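Top to bottom, those sequences are chains A and B.
If you read the first sequence in the working numbering, its first letter stands for residue 1, the second for the next number, and so on.
If you read the second sequence in the working numbering, its first letter stands for residue 1, the second for the next number, and so on.
Treat the hints as calculated values from the structure; they're not laboratory data.
These figures come from a predicted structure and were not determined experimentally.
Hints are supplied without guarantee of correctness; some may be wrong.
Said to hold, decoys possible - Covered by chain A, per the in silico footprint, the following chain B stretches (three or more residues, Cβ under 8 Å):
id	stretch
1	97-111
2	161-168
3	172-178
A virtual CB, placed ideally from N, CA and C, is assigned to each residue, including glycine.
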Amino acid sequence: MSLRNSPFRRSLRIGVIATALTAVLATAACGGTTRGGEDSAGDATGQATGQANPNAAIKEGLKIAFLPKQVNNPYFTVSDNGGKSAVEELKGEYKEVGPSEANASSQVSYINTLSQQGTDVIVTSANDPNAICGALNDARKAGAKVVTFDSDTKPECRDAFVNQATAEGIAENQVKLISEQIGGEGKIAVLSATPNATNQNAWIELMKKELTKPEYSKIELVTTAYGNDDDQKSFQETQGLLRSYPDLKGIISPTTVGVAAAARYLSGSEFKGKVALTGLGTPNQMRAFVKDGTVKAFALWNPADLGYLAAHVGASLASGRITGAEGERFTAGKLGDYTIGKDGVIVLGPPTVFDSGNIDQFDF
Amino acid sequence: MAHDTLYAHPEAPAPEPGARRAGALGRALFTRWDTWVVIVLALVVVGAGASVDGFAGPRNTQFLLMDIVAIALIALPMTLIVITGEIDLSVASTLGLCSAVMGQLWVAGLPLELIVVLVILLGAVLGMVNGLFVTKFGLPSLAVTIGTLAAYRGLSFVVLGDQAVADFPRQWTDAASSTIGGSPVPWSVLIAVVLAVAFAVVLHWTPFGRSLFAMGNNAEAATFAGVSVNRAKFWLFVASGAVAGLAGVYWTLRYASARADNGSGLELAVVAAVLLGGVSIFGGRGTLLGVLAGVLLLGSLRNALQLADVPADTLNVVTGALLITSVVVPNVVGMARSWLRQRRHQRG
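Next up, chain A with everything else stripped away, as it sits in the complex:
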């Protein structure tokens, strides 16, 4: 220890720092800004402005840009290509930009760039419902229309949200698929993700409700198993289900990890072709099991249609056909007519069913 660092100097320094800190803390503690004390960033005005003209022509040459969560992600490549085909139909200029890593701050910088380039429509899937809000609203002030798809922002930051599916739509679809495959009667089980996965639990509740309908009266849901969205665990849980319920007729697994693991177990077991399996899965994961007869049909929304619809919504907004207000109707090319719901939400429709007849048309 040198002389410069004598105990006296040190305590002097600590004293000064402590005094300064106390002063700052004291000032801050009285009369500070606390949660709920003032207007929070959450409240803002509604998004629909102006008057819609349902007969307005779609403008040509609209600059429509897709900004996915991340580029080079297979899911978004498919959805953005769906958007591309719509933009080409509408004679617009398509562009896809985006960060190589899925984070909100780099999306902000891309939104700013698009706004600076005078883009007419920004179609984006948000990495964070709040973080890109400011940038989106800046872009809207500069004249761009904003459509979110797949993952929404707060409603006040965009003109419309294209939702891939509703919980009701998924539950209805899954129950219908399993009923068809087991001939309308027998015991079934659900293989879910984690016990506290919000969307999974909502779907399972709605499936139970759906099963109370008279046409499903002979189907009994015996249990729900949890594979934690882990391949190994889902595989073992499927094995366990069939051991505990030897007379099980079918399994619904509304998670892409679960359905693929269950299919792998079934395809290598004596139950192959005897126990039905359906769920939410991607065609690439499930192709082999559909071809070898383990799985007859499963479902998922079609990401290409999702992008296609989002591009149509964007073009309709930019042309003044719609403003994003509830109840407005519009036509989205090959997908047909849509009505805008509450908070500017548009639902793509029932999930697409994949079976041996159509699975080879899909690559995602």
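Based on the hints, put chain B in the right spot on chain A.
For chain B alone, coordinates are given in the frame of chain A:
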């Protein structure tokens, strides 16, 4: 102290004695790396302004500046740390942890003014942990801060999980992106400039600053010359943590979202800017002006390429190539110089 000598690279180009002499000022200026960075920066800005649509103009200037403020802030203490031959890779994780804690404290109902102070203090404490490991236990900072890079990021997920806290008051979030008067310069840039001046004065015009260069060149010699190497390094890590905490506050308000993954990967952007700005990775050499030019150069280049619709992957390749250039060129130049000098000696 053994670790210090590891970083005192024998081949690091020492300041040119000849170039320092009076009368050779012009030549000295143009043989300096940071001068070249400033020149390249000017060329990029002028070139992009002329050829890239939307680059010139107040709106884009504002976007560009807001994107680099956090990097510029963290680069200030980082410059000093790298000059001493150390490195702090935990800065982005410190930013993330500070952001997560800021969110939790806000949810807990503390006043925001107090939270800001506490979060900067937390940053300082996190930096202190790095400093202690490096100076008291004599561990290499590269290893220590890679460890805390992972640990602090992990902790931020413990604090906030995958949730986001986003209901900060509007006046505060607006303030984070508001500009000075009618100019395109955000207020946050002013904070960065004030801190930059402070750090520049400390580094270039105080005995403490000069001692940092000394310990970067040769820590042992610096110790014998009466410089308390460990104490200086300890406080530099504390400063680095505190500034990362401040950057965390800025980031949270600018994006109106406290998240555990805020700023992930930012340490690479900072280190890239510092090296590109002419600071030697082996310590002992560099200027703060060069680093600021490096931050601006990387930011402008990214912005211009993005406006020119260059895909994200190509953009990363360009940044990487620039970084390698900035490390390789000074070393090659240094080697060429010493080879020439040797030849001159042999002839004479």
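How does the stretch 97-111 of chain B fare against chain A when you require at least three residues with a CB closer than 8 Å, holds or violated? holds (count 5)
Under 8 Å between beta-carbons, do enough residues of the stretch 172-178 of chain B, three at least, approach chain A for the coverage claim to hold? As far as the stretch 172-178 of chain B goes, the hint holds, because 3 residues have Cβ atoms under 8 Å from chain A.
Report holds or violated for chain A covering the stretch 161-168 of chain B, Cβ cut-off 8 Å, minimum 3 residues. holds (count 4)
Consistency note: the structure conflicts with none of the earlier hints.
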